[in-house]
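Protein chains: 2
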Amino acid sequence: MLKNKQDAFGQALYDFHKGGRPRVAFERHDGYIDCSENMAHYFARYRDWPGDEKMAMRFVKGRVLDIGCGPGRHAVHLQERGYDVVGIDNSRLAVKVCRLRGLRRAKVMSATQVSSGRIHVLGGRFDTVLMLGNNFGLFGSFTRAKWMLRRFRGVTNPDARILTSTLDPYDTDRPEHLAYHRYNRRLGRMGGQVRIRARYRWFASPWFDYLFVSRAELRQILDGTGWELRKTLDGPDNRYIAIIQRR
Amino acid sequence: MLKNKQDAFGQALYDFHKGGRPRVAFERHDGYIDCSENMAHYFARYRDWPGDEKMAMRFVKGRVLDIGCGPGRHAVHLQERGYDVVGIDNSRLAVKVCRLRGLRRAKVMSATQVSSGRIHVLGGRFDTVLMLGNNFGLFGSFTRAKWMLRRFRGVTNPDARILTSTLDPYDTDRPEHLAYHRYNRRLGRMGGQVRIRARYRWFASPWFDYLFVSRAELRQILDGTGWELRKTLDGPDNRYIAIIQRR
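These protein sequence lines map, in sequence, to chains Z and E. Residues 38 to 284, numbered by the numbering used here, are exactly what the first sequence covers, in order. Residues 38 to 284, numbered by the numbering used here, are exactly what the second sequence covers, in order.
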């Protein structure tokens, strides 16, 4: 769980919910910085979602675990559609916003804490794990992704699926992006393993790795974890949603 | 003059001019960070200026030096109204944008380079010095402000004036701002002496001091420099424009 001073993103989500128009700065470890659009995107209603996300909702079934649920864009929608949804986020303020927006089951928990030992806290096993909004990134690295995927078997039912989105980092011809991939690989990291931190006013998250993968890299990660790639949905630009099936 | 890699603000101005919608992050030395609105404000046409800036234009006379002219919001307007205007900025790209927007006399020069030794480069002495858009900040510190003001006598005619805007930093009840003033004073700085740097993509300016002063502090700074406060124009929030007259 993030400490209050670290919860830059959650604080911005909370301020947006309260009517502010905050912007978060994302700082990358090579010195690149980017200011977010305002947070409206994270609060978008279903009718305003991009087509691939709407399409992904057709693959939702049974009990749903939304990992890194933020202010609950997907979780609140699915709850309204009658699903039994649990949203988790390592940001206390994101979870607070979820509850203010009506999500009945929202917990402060990080993606790495999801394991069979927590089933009682999570209210049982799941049929669908959501990691949309580029939340494939929460897998962090090649090794950690494999470790987490194996643990996810322990909190899911036999026919469960993971719905997750990422960007193919190599689907670019911009030299500065290609240079960043080389820089990462020289450090023994995956090309799309982006080390960033979020900053907002005085709040600064710890540095963390957020992972973007190509379809080929995704298959390598899934290999041997008990999960397999069923289908991908193409999104705008270089984004795709992966439908991952438990074997 | 800023090196290319340091010209974060100029790069963003240039990208805006080219149709992008960049945002600059301003990082303060106590860890606070703020993302700018997009740059449209710096390109606003006269009809869209705030009332106090329009009012300030009535005090313009003779040859005009616009210090820290940015993309030329004021300089281009005054040139269109027939004034002989020279714009200077320490950003090569800001000056480039000025020229692209039609400003005939734009030079890469920092505020601290303005002195009688540069009169030949500047084409003669001035009757009006503009430092609007909070460009009082370019005075940097108490000591440097006095030093620069004395030097400004050497590039101005006897009846010259300086039109400059700042924010009264003490006109606030927000505890985080009051804490920052105390923090600054503990370091032997003025309360409103803000140490910041601009960051945009990979560009990062050097850290620099940007000064905000109350009216009382302004009078202390002017004392003994050969300039006196003639009038202030109240702006929105805690901003005011100072009309400063050469004695």
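Just to be clear, a hint being listed does not mean it is correct.
Covered by chain Z, according to a simulated footprint, are these stretches of chain E (three or more residues, beta-carbon under 8 Å) [as the list claims (entries may be wrong)]:
(1) 65-75
(2) 238-246
So these bits of chain E aren't anywhere near chain Z, every CB distance computed over 12 Å [claimed, not checked]:
(3) Lys-42
(4) Lys-55
(5) Val-61
(6) Ala-62
(7) Ala-81
(8) Gly-88
(9) Phe-96
(10) Arg-136
(11) Ser-152
(12) Ser-178
(13) Arg-181
(14) Arg-188
(15) Ser-251
(16) Gly-263
(17) Leu-266
Because the hints were derived from the structure by calculation, they are not lab data. Every residue, glycine too, gets a C-beta built ideally from N, C-alpha and C.
Right, here's what the structure says about each hint:
{"no.": "1", "hint": "65-75", "in the structure": "holds (count 7)"}
{"no.": "2", "hint": "238-246", "in the structure": "holds (count 3)"}
{"no.": "3", "hint": "Lys-42", "in the structure": "10 Å, violated"}
{"no.": "4", "hint": "Lys-55", "in the structure": "16 Å, holds"}
{"no.": "5", "hint": "Val-61", "in the structure": "8 Å, violated"}
{"no.": "6", "hint": "Ala-62", "in the structure": "5 Å, violated"}
{"no.": "7", "hint": "Ala-81", "in the structure": "19 Å, holds"}
{"no.": "8", "hint": "Gly-88", "in the structure": "24 Å, holds"}
{"no.": "9", "hint": "Phe-96", "in the structure": "34 Å, holds"}
{"no.": "10", "hint": "Arg-136", "in the structure": "27 Å, holds"}
{"no.": "11", "hint": "Ser-152", "in the structure": "35 Å, holds"}
{"no.": "12", "hint": "Ser-178", "in the structure": "24 Å, holds"}
{"no.": "13", "hint": "Arg-181", "in the structure": "28 Å, holds"}
{"no.": "14", "hint": "Arg-188", "in the structure": "35 Å, holds"}
{"no.": "15", "hint": "Ser-251", "in the structure": "24 Å, holds"}
{"no.": "16", "hint": "Gly-263", "in the structure": "41 Å, holds"}
{"no.": "17", "hint": "Leu-266", "in the structure": "34 Å, holds"}
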